[in-house]
Amino acid sequence: DIQMTQSPSSLSASVGDRVTVTCRASQSISNYLNWYQQKPGKAPKLLIYAASGLQSGVPSRFSGAGSGTEFTLTISSLQPEDFATYYCQQTSSPFPITFGLGTRLEIK
Amino acid sequence: EVQLVESGGGLVKPGGSLRLSCAASGFTFSSYRMSWVRQAPGMGLEWVSLIGSSSKSIDYADSMKGRFTISRDNAKKSLYLQMNSLRVEDTAVYYCARAPIGYAGAFDIWGQGTLVTVSS
Chain X
1 DIQMTQSPSS LSASVGDRVT VTCRASQSIS NYLNWYQQKP GKAPKLLIYA ASGLQSGVPS
61 RFSGAGSGTE FTLTISSLQP EDFATYYCQQ TSSPFPITFG LGTRLEIK
Chain A
1 EVQLVESGGG LVKPGGSLRL SCAASGFTFS SYRMSWVRQA PGMGLEWVSL IGSSSKSIDY
61 ADSMKGRFTI SRDNAKKSLY LQMNSLRVED TAVYYCARAP IGYAGAFDIW GQGTLVTVSS
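These protein sequences, in sequence, are chains X and A.
Position one of the first sequence corresponds to residue 1 (this note's numbering), numbered consecutively onward.
Position one of the second sequence corresponds to residue 1 (this note's numbering), numbered consecutively onward.
Don't take every hint at face value.
The list that follows gives simulated cross-link-like pairs (lysine-lysine, DSS-like), each with its CA atoms no further than 30 Å apart [claimed, not checked]:
#: 1; chain 1: A; residue 1: K77; chain 2: X; residue 2: K39
#: 2; chain 1: X; residue 1: K108; chain 2: A; residue 2: K77
#: 3; chain 1: A; residue 1: K56; chain 2: X; residue 2: K45
#: 4; chain 1: A; residue 1: K56; chain 2: A; residue 2: K76
#: 5; chain 1: A; residue 1: K13; chain 2: X; residue 2: K108
#: 6; chain 1: A; residue 1: K65; chain 2: X; residue 2: K42
#: 7; chain 1: A; residue 1: K76; chain 2: A; residue 2: K65
#: 8; chain 1: X; residue 1: K39; chain 2: A; residue 2: K56
#: 9; chain 1: A; residue 1: K56; chain 2: A; residue 2: K77
#: 10; chain 1: X; residue 1: K45; chain 2: A; residue 2: K65
What the hints contain is simulated information worked out from the structure, not anything from laboratory work.
Bear in mind the structure is a predicted one, so any value in this text is a computation, not a measurement.
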């Protein structure tokens, strides 16, 4: 199975900060990498698909980059509503689909 | 409005069975792959299973193979997860999610989740 190593596991930042979360795959997954945001008690929300595609309705301060085994999610200027947990997900064949363990983004 | 609504969760004893349902609305259900994802209390996301639009393609996470069965009824716009031989470690919120083609397998729409508790 392809393992996804997400870092950091938690992060404290302030409104207006630029933040980057990293996800590394145990083998190449091309661009089959997606990012989700989850707030407490809510379902995950798709932010980025195919490593760098911005999902409709998601603010442009969110961006994704990378291919192969290393990927990043960047929030250019943190807003109060961005404090949440972020997950990467790989969907490369063959299955199983796997998620990273998550990055909890907290207010400093 | 595009929507997924899960139901069927509850309390069940170890070794028991439960069938989850997911009702879709606001989109052409029969055109989309669908998936189940679960989240144990305080833990991360775990993929459970995925089914193709016509049910010809089905995949499971290894820990669910042989115990869980995914199915769909396109006429009823519904997705199902039959869970047998349930274990304490299956306790989780179960989400259904839509997987459109061309999104690198991403899940673009999620339901609100249904809680399954396995306990004696």
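Consistency of the hints with the structure:
1. The suggested pairing of A/K77 with X/K39 holds, with an alpha-carbon distance near 28 Å, which does not exceed 30 Å.
2. Our distance criterion of 30 Å between C-alpha atoms is broken by X/K108 and A/K77, whose separation comes to about 45 Å.
3. For a cut-off of 30 Å, the pair hint linking A/K56 to X/K45 stands: about 27 Å separates their Cα positions.
4. Restraint check: the Cα-Cα separation between A/K56 and A/K76 comes to about 18 Å, which is no more than 30 Å; the hinted pair holds.
5. Taking the CA atoms of A/K13 and X/K108, the gap is near 43 Å; set against the 30 Å cutoff, the hint is violated.
6. Of the pairs offered as hints, the one joining A/K65 and X/K42 holds, with about 27 Å between alpha carbons and a cut-off of 30 Å not exceeded.
7. About 25 Å separates the Cα atoms of A/K76 and A/K65, which keeps this hinted pair within 30 Å; it holds.
8. The straight-line distance between the Cα atoms of X/K39 and A/K56 is roughly 34 Å, outside the 30 Å bound, and the hint therefore fails.
9. The hinted pair formed by A/K56 and A/K77 meets the criterion: a straight-line CA distance of about 17 Å does not exceed 30 Å.
10. Taken as a hint, the X/K45 and A/K65 pair is honoured in the structure, with Cα atoms around 27 Å apart against an allowance of 30 Å.
In summary, the numbered hints that this structure violates are 2, 5, 8.
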